[in-house]
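Asks: Go by the hints and put chain U onto chain R.
Protein chains: 2
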Amino acid sequence: MSVLIKNISYLDIENEKIVDNADIFINGNKIEKIGKDLNLEADETINGEDKLLTPGFVNAHTHLGMSYFRNYADDLKLMDWLEQEIWPIEAKLNAEDIYWSSMLSIIENIKSGVTSFCDMYYEMHRVGDAAIESGIRGVLTRGMTDVDGEGEKKLKEFDDLYKNYHNKSDGRIKVVPAPHAIYTCSTEFLKEISKRAKENYDNIIHIHLSETINEVENSKKDYGMTPIEYVASLGYLDSQIIAAHCVHITDEEIELVKDKEFYPVYNPSSNLKLASGFTPIDKLLKNNINIAMGTDGDSSNNNQDFIEEMHIGAIVNKAVEMNEKAVPAIEILKMATVNGAKALGFKNLGLVKEGYTADLNIFNLDSNSFTPRNNLISALVYSANSHDVESVICDGKFIMRNREIVNIDEKKIREKVIEIWENIKNR
Amino acid sequence: MSVLIKNISYLDIENEKIVDNADIFINGNKIEKIGKDLNLEADETINGEDKLLTPGFVNAHTHLGMSYFRNYADDLKLMDWLEQEIWPIEAKLNAEDIYWSSMLSIIENIKSGVTSFCDMYYEMHRVGDAAIESGIRGVLTRGMTDVDGEGEKKLKEFDDLYKNYHNKSDGRIKVVPAPHAIYTCSTEFLKEISKRAKENYDNIIHIHLSETINEVENSKKDYGMTPIEYVASLGYLDSQIIAAHCVHITDEEIELVKDKEFYPVYNPSSNLKLASGFTPIDKLLKNNINIAMGTDGDSSNNNQDFIEEMHIGAIVNKAVEMNEKAVPAIEILKMATVNGAKALGFKNLGLVKEGYTADLNIFNLDSNSFTPRNNLISALVYSANSHDVESVICDGKFIMRNREIVNIDEKKIREKVIEIWENIKNR
Chain R
194 MSVLIKNISY LDIENEKIVD NADIFINGNK IEKIGKDLNL EADETINGED
244 KLLTPGFVNA HTHLGMSYFR NYADDLKLMD WLEQEIWPIE AKLNAEDIYW
294 SSMLSIIENI KSGVTSFCDM YYEMHRVGDA AIESGIRGVL TRGMTDVDGE
344 GEKKLKEFDD LYKNYHNKSD GRIKVVPAPH AIYTCSTEFL KEISKRAKEN
394 YDNIIHIHLS ETINEVENSK KDYGMTPIEY VASLGYLDSQ IIAAHCVHIT
444 DEEIELVKDK EFYPVYNPSS NLKLASGFTP IDKLLKNNIN IAMGTDGDSS
494 NNNQDFIEEM HIGAIVNKAV EMNEKAVPAI EILKMATVNG AKALGFKNLG
544 LVKEGYTADL NIFNLDSNSF TPRNNLISAL VYSANSHDVE SVICDGKFIM
594 RNREIVNIDE KKIREKVIEI WENIKNR
Chain U
194 MSVLIKNISY LDIENEKIVD NADIFINGNK IEKIGKDLNL EADETINGED
244 KLLTPGFVNA HTHLGMSYFR NYADDLKLMD WLEQEIWPIE AKLNAEDIYW
294 SSMLSIIENI KSGVTSFCDM YYEMHRVGDA AIESGIRGVL TRGMTDVDGE
344 GEKKLKEFDD LYKNYHNKSD GRIKVVPAPH AIYTCSTEFL KEISKRAKEN
394 YDNIIHIHLS ETINEVENSK KDYGMTPIEY VASLGYLDSQ IIAAHCVHIT
444 DEEIELVKDK EFYPVYNPSS NLKLASGFTP IDKLLKNNIN IAMGTDGDSS
494 NNNQDFIEEM HIGAIVNKAV EMNEKAVPAI EILKMATVNG AKALGFKNLG
544 LVKEGYTADL NIFNLDSNSF TPRNNLISAL VYSANSHDVE SVICDGKFIM
594 RNREIVNIDE KKIREKVIEI WENIKNR
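Same order as they appear, the protein sequences are chains R and U.
Quick note: the first sequence, position 159, residue 352 per this note's numbering, numbers continuous.
Quick note: the second sequence, position 365, residue 558 per this note's numbering, numbers continuous.
If you are wondering where the hints come from, they were derived from the structure by calculation, not from laboratory data.
Any given hint could be a false lead.
Since the list gives no way to pick out one identical chain from another, each pair is judged satisfied if it fits inside one copy or across any two copies.
Unchecked claim - Derived pair list, reagent style DSS-like, types lysine-lysine, alpha-carbon separation capped at 25 Å: (1) 226 / 270; (2) 244 / 518; (3) 244 / 223; (4) 518 / 479.
Only chain R is shown next, with the shape it has when bound in the complex (with noise of 0.2 Å):
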């Protein structure tokens, strides 16, 4: 399968501009050749007149199951909700309710132009066939805990899915270990899980760190450190760490870590949302920390809006430094696509460039948000909306047309989500 794309406008992140009138080649799952006047056969040739493309969006932190609890117990504490509203509700789901939750939440993704997901959870094989039959790329990451004595059962549980799904479907499917948080889990299972990384699995860890001063008080009082200077003592600085939040990083956490394969992934709508806070993305960036981003889950966000994310992203941080220049546009969209890409360990991931993995976006500009056209990366990122997503292409194969979602009914997993819930709260 290949596709020429002819006469569109492409971001080039790495130069910092919009190159115009340039055809793509697509062969295969990956981008061949991106000049003028491309003289080449494709089985399919697309004109790309009045069209933006981009690499297509990395969502580096999310819970795709977790679309019941879109607007169901909001305004409350992160730990309040979760031990009295969320995990309660979420002990009662099952892998197939899981599987239809995590196929809404990967419609939402791919109508906002992700390509590429990281999701942390738990019945994860049902969320791996999800993102096979979508087409999206996708990280599963089991969610682990063992304050409720099942680490083991955990273990066992995850080391099952590696062997079923790292690697799956040409490797557009991975498999990180994942302990939740420090608040859940045991130093011992802290460091089992370390330990499994390195020898067993690709010593890539995915973990909650430093969401709340409550959490970086706790850590303080337990353990006599910071979260992540904690996990930083068990040895978690010797894997790649993706690190979810990281809204209270203290400037020391960032002198430890800053040399480091270790990636905060700024979740904006959720920590304002829960009230966390600000994650200090500016100085982050001052220390060119490899910052991802990500939507977090719908019961928190409470959306999988990946461009929306992008907006509030931006706009928020330059309040917060009282700078209008800090955080700027171009800084957004890398974290979107190739420092996402670089934090989930994908490869050749995240750039519009030549051969480079075929994930992109192609965004119709005859928008109201493009109207009239003056700088198009600063309009990707203040001015655009969701449905300015016009088609998304995974891995060489759309999986969005003209709005359309290629692989799945979206108004059936609209309906089987409804139904399936209303059977969940009368469990």
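Replies: Positioned in the frame of chain R, the structure of chain U alone reads:
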């Protein structure tokens, strides 16, 4: 013209709840009857199943004509941005240019559920024409300055605007004077406008107030008072004030204005993007101040997406207060509707209530944002996007149906704006 909507859910703001299975009878421009199983003849009957009716939104502070400057000269300080980038090119705009850009902004407003705007710009007669043609409700406020020595000319222009447009189109159009800001108007000019507002007009004034720290510091230096204290000393609190921004309103100023007809307009996207700061919404709410919401202009927002504005406005204040319960969704919906209507001086507007003016939005609940259907008040603020607004009714007439703007050719407007902008840049 009468419309009967059968079996719809609607947002009852006064009782802070959603009412299901209601019939709504709209006769002329009024909501005449709300009930169950209404047995009434209507010119048009609509099936309201899977829909949610809300009041139309009130965009209480914008600059519709500025859409040329969307994504133009981003990431600059407010005064640098105004003085070096915006004002020089704005000076080249003529009345026809402003008509077309206002039309684009009006379309964006309608498409995110806005049925009333308060616009501060110039050549306002052509903004009035655009509003009349589109069918939207609008307050035309001529932004007046005299630092350029042309105060008299502007007062005369305003007088003509008031004579020709005030209460036009069955009262859908109102005209209100707008001294631009304390830093662009002399004391004498501010006083003269206040006098005329009371004697010649409707005693309502629209003004930018306390937007930046710089404005506050200069006010203290120049007048020995903060901006709101200063305009109060000029008699402004004896008028109804539409006070755009109030980002840096002090506790003393809150005491001064809390029992007056002083209505701050919260513009979160613009205040964040221009790094103006965080408006103390929680404190204003606790003082029972009637807060309205606005998008501000495309040049600083950079869109007119009112739904996104509600979302951002809601979540950012939770983090500011470090309190998840601060600024709950229902308060944002009040700001967006009935509070805005009050701020703009419209009577019986902003509620789905018998006897109220029929400015209404029909949301499509068969969308990902509303799946599953948990708290719909949360959903409107935290998970919805502008594309969930299916149809918009203003003054009893449809101005958008199934996402199609009724009275304007949307594509033609975009083409004109692009064409004119190319021309402006070459003037």
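Asks: Go through the numbered hints given earlier and state which of them the structure violates, listing their numbers in rising order.
Replies: 1, 2
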